[in-house]
Amino acid sequence: MSKLLILYPSLIVARGLDTFLSEYSEVTISDEKAHPQKDEYDFYVVSSMHYSSNISFFLPRKSRVLIVTEQSDYPQTDELPLTLSLTMNADNIRRVLEGFFNNEEEGVGECDVLSAREIEVLREIARGKTFKEIADALFISVNTVTTHRKNISTKLGIRSVSGLTVYAMMNGIV
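Just so we're aligned, residue 307 is where the sequence shown starts under the numbering used here, counting upward by one.
Certain hints may be false.
What the hints assert, rightly or not - Pair ranges (Cβ atoms, derived):
#  : residue 1 : residue 2 : range
1  : N449      : M307      : 44 to 52 Å
2  : E439      : L317      : 21 to 29 Å
3  : D397      : S358      : 27 to 35 Å
4  : K456      : L317      : 19 to 27 Å
5  : L317      : T452      : 24 to 32 Å
6  : E404      : I318      : 44 to 52 Å
7  : K438      : V319      : 38 to 46 Å
8  : L317      : T436      : 45 to 53 Å
9  : V448      : K368      : 19 to 27 Å
10 : A396      : E332      : 35 to 43 Å
11 : M307      : V448      : 46 to 54 Å
12 : L317      : T453      : 24 to 32 Å
13 : K438      : D348      : 20 to 28 Å
Think of the hints as simulated: they come from the structure by calculation, not from any bench.
Here a beta-carbon is modelled for each residue, glycine too, at the ideal position from N, C-alpha and C.
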């Protein structure tokens, strides 16, 4: 079994992460003051603050590092390791972890949870269109738009149109 180090300032959050991670790897938890010197672990799960302060250690190991953040809008770029937001629901957290441990290059961000059609519907919702306008633009029924909206809300855990709009903007959908 692979070895994993959790570096997170909150012991409560670290123990919660341990609950998810223990099925994938042998977990060691450390506090925020630890500074890894040697490459002793197969994977590293770290707070964004800890990643920033030890970037010279973590950057060369980017494919084996998972940044955990409390922000839902933490930037996800090719230059940064995969990011896990504590605001995600349990199913999305599991999907991200499966992608991380299966070493999928592109990672499994929240956008990857949505189908291509759901992303199209989300884009139109974020642009302020009504369900009827979305249905006409995408050549689908209003009921199908409603179903997509429900699925998007369930997958992302975001209920309001304004929340979906912010999510779409922060993830480059709009």
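Taking the hints in turn, this is what the structure says about them:
1. Hint check: N449 to M307, Cβ distance near 47 Å, so the stated range 44 to 52 Å holds.
2. Between E439 and L317 the beta carbon distance is about 49 Å. The supplied range of 21 to 29 Å is therefore violated.
3. At roughly 29 Å, the beta carbons of D397 and S358 sit within the given window of 27 to 35 Å.
4. Here the CB-CB span from K456 to L317 is close to 37 Å, at odds with the stated 19 to 27 Å.
5. At about 43 Å, the beta-carbon gap between L317 and T452 misses the expected band of 24 to 32 Å.
6. Restraint check, E404 to I318: a C-beta distance of roughly 24 Å breaks the suggested window 44 to 52 Å.
7. K438 and V319 have their C-beta atoms about 43 Å apart, which keeps the hinted 38 to 46 Å range intact.
8. Taken as a hint, the range 45 to 53 Å holds for the pair L317 and T436, whose Cβ atoms sit roughly 48 Å apart.
9. At roughly 44 Å, the beta-carbon separation of V448 and K368 lies outside the given 19 to 27 Å, and the hint is violated.
10. At about 22 Å, the beta-carbon gap between A396 and E332 misses the expected band of 35 to 43 Å.
11. M307 and V448 have their C-beta atoms about 50 Å apart, which keeps the hinted 46 to 54 Å range intact.
12. About 42 Å separates the C-beta atoms of L317 and T453, a value inconsistent with the hinted range of 24 to 32 Å.
13. Under the hint 20 to 28 Å, the C-beta atoms of K438 and D348, about 52 Å apart, miss the expected range.
Of the numbered hints stated above, those contradicted by the structure are hints 2, 4, 5, 6, 9, 10, 12, 13, listed in ascending order.
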